[in-house]
Amino acid sequence: EPEVTQTPSHQVTQMGQEVILRCVPISNHLYFYWYRQILGQKVEFLVSFYNNEISEKSEIFDDQFSVERPDGSNFTLKIRSTKLEDSAMYFCASSESRYNQPQHFGDGTRLSIL
Amino acid sequence: QKEVEQNSGPLSVPEGAIASLNCTYSDRGSQSFFWYRQYSGKSPELIMSIYSNGDKEDGRFTAQLNKASQYVSLLIRDSQPSDSATYLCAVNGGNEKLTFGTGTKLTIIP
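Residue numbers (the numbering used here), protein chains in the order written: chain A, 1 to 114; chain B, 1 to 110.
Check the hints yourself; a few may be wrong.
Claimed, not checked - Not the full set, but computed from the structure, chain A residues with beta-carbon under 7 angstroms of chain B:
1) Gly40
2) Lys42
3) Phe45
4) Ser48
5) Ile54
6) Glu56
7) Ser87
8) Ala88
9) Phe91
10) Tyr99
11) Asn100
12) Phe105
13) Asp107
To be verified - Derived DSSO-like pairs (lysine-lysine); straight-line CA-CA distance at most 30 angstroms:
14) A:Lys78 x B:Lys67
15) A:Lys78 x A:Lys42
16) A:Lys83 x B:Lys2
17) B:Lys56 x A:Lys83
18) A:Lys57 x A:Lys83
19) A:Lys57 x A:Lys78
20) B:Lys56 x A:Lys78
21) A:Lys42 x B:Lys2
22) A:Lys57 x B:Lys42
23) B:Lys2 x B:Lys56
24) A:Lys78 x B:Lys2
25) A:Lys57 x B:Lys105
26) B:Lys56 x B:Lys105
As the list claims (entries may be wrong) - For the chain A half of the interface with chain B, some residues (derived, Cβ under 10 angstroms), not all of them:
27) Val4
28) Tyr31
29) Tyr35
30) Gln41
31) Val47
32) Tyr50
33) Asn51
34) Ser58
35) Phe65
36) Arg69
37) Ala93
38) Arg98
39) Gln103
40) Gly106
Treat the hints as calculated values from the structure; they're not laboratory data.
A quick note: this is a predicted structure, and the numbers were derived from the prediction, not measured.
Quick reminder that beta carbons are idealized off the backbone N, C-alpha and C, glycines included.
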């Protein structure tokens with residue numbers, strides 16, 4: 001069964017450093033998402049992406065965050081200057097179409113900021 | 001603020017019994033509803049989706065939706081120890097994001 005893949009599985013970074021999280025969505029999916037889950041808290045939406053542009057973003061997704069589809073398969077989330085509170089699990093998801101469709105999640109990247 | 005509420009549990013159910021998980025949502029315009037299973041330290045795994053009032057069955061799982069009451073539930077029949085996990089209710093309001101509840105931790109007791 002096709003799946004969303006994410007790398008790395010665990011990233012440890014010093015506060016203030018830039019970090020890039022990578023995702024390969026399911027191949028025939030056109031809509032891509034990033035969510036995060038701080039330990040013990042709920043899964044929170046960050047951003048959705050379609051046709052090489054952001055289609056929706058949350059209040060969490062401020063100027064320190066950016067997303068990109070650098071080629072035909074990868075989808076990345078960049079955090080420009082990491083803060084301690086960015087420590088979380090980051091999940092990439094994808095779906096076939098835009099609204100009301102199931103989103104399939106990758107295994108996640110655990111980001112630890114020191 | 002659109003909210004999705006779940007009882008955090010833990011909910012303990014004997015093996016072989018029916019587990020019943022509940023979820024309420026605040027946005028009356030919500031259009032699609034999903035149940036995800038999340039094992040500790042793992043990612044959400046889609047179990048069920050439901051879009052219209054009534055019941056939807058898939059194997060041992062039944063999702064129930066009542067839009068008038070803004071209520072979604074998940075029933076797990078013949079519960080197995082492998083069903084022990086946190087169950088996340090997620091709601092889509094016709095836009096692109098899923099709004100998740102905090103999840104209900106389910107433990108199946110052998």
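Here is what the structure says about each hint:
| no. | hint | result |
| --- | --- | --- |
| 1 | Gly40 | violated (9 angstroms) |
| 2 | Lys42 | holds (5 angstroms) |
| 3 | Phe45 | holds (4 angstroms) |
| 4 | Ser48 | holds (4 angstroms) |
| 5 | Ile54 | violated (10 angstroms) |
| 6 | Glu56 | holds (5 angstroms) |
| 7 | Ser87 | violated (15 angstroms) |
| 8 | Ala88 | violated (13 angstroms) |
| 9 | Phe91 | holds (6 angstroms) |
| 10 | Tyr99 | holds (6 angstroms) |
| 11 | Asn100 | holds (4 angstroms) |
| 12 | Phe105 | holds (5 angstroms) |
| 13 | Asp107 | holds (5 angstroms) |
| 14 | A:Lys78 x B:Lys67 | violated (38 angstroms) |
| 15 | A:Lys78 x A:Lys42 | holds (21 angstroms) |
| 16 | A:Lys83 x B:Lys2 | holds (27 angstroms) |
| 17 | B:Lys56 x A:Lys83 | violated (43 angstroms) |
| 18 | A:Lys57 x A:Lys83 | holds (19 angstroms) |
| 19 | A:Lys57 x A:Lys78 | holds (14 angstroms) |
| 20 | B:Lys56 x A:Lys78 | violated (39 angstroms) |
| 21 | A:Lys42 x B:Lys2 | holds (14 angstroms) |
| 22 | A:Lys57 x B:Lys42 | holds (24 angstroms) |
| 23 | B:Lys2 x B:Lys56 | holds (25 angstroms) |
| 24 | A:Lys78 x B:Lys2 | holds (27 angstroms) |
| 25 | A:Lys57 x B:Lys105 | holds (29 angstroms) |
| 26 | B:Lys56 x B:Lys105 | holds (22 angstroms) |
| 27 | Val4 | holds (9 angstroms) |
| 28 | Tyr31 | holds (7 angstroms) |
| 29 | Tyr35 | holds (8 angstroms) |
| 30 | Gln41 | holds (7 angstroms) |
| 31 | Val47 | holds (9 angstroms) |
| 32 | Tyr50 | holds (8 angstroms) |
| 33 | Asn51 | violated (13 angstroms) |
| 34 | Ser58 | holds (7 angstroms) |
| 35 | Phe65 | violated (15 angstroms) |
| 36 | Arg69 | violated (16 angstroms) |
| 37 | Ala93 | holds (8 angstroms) |
| 38 | Arg98 | holds (6 angstroms) |
| 39 | Gln103 | holds (6 angstroms) |
| 40 | Gly106 | holds (6 angstroms) |
Hints 1, 5, 7, 8, 14, 17, 20, 33, 35 and 36 from the list above are not met by this structure, while the remaining hints are.
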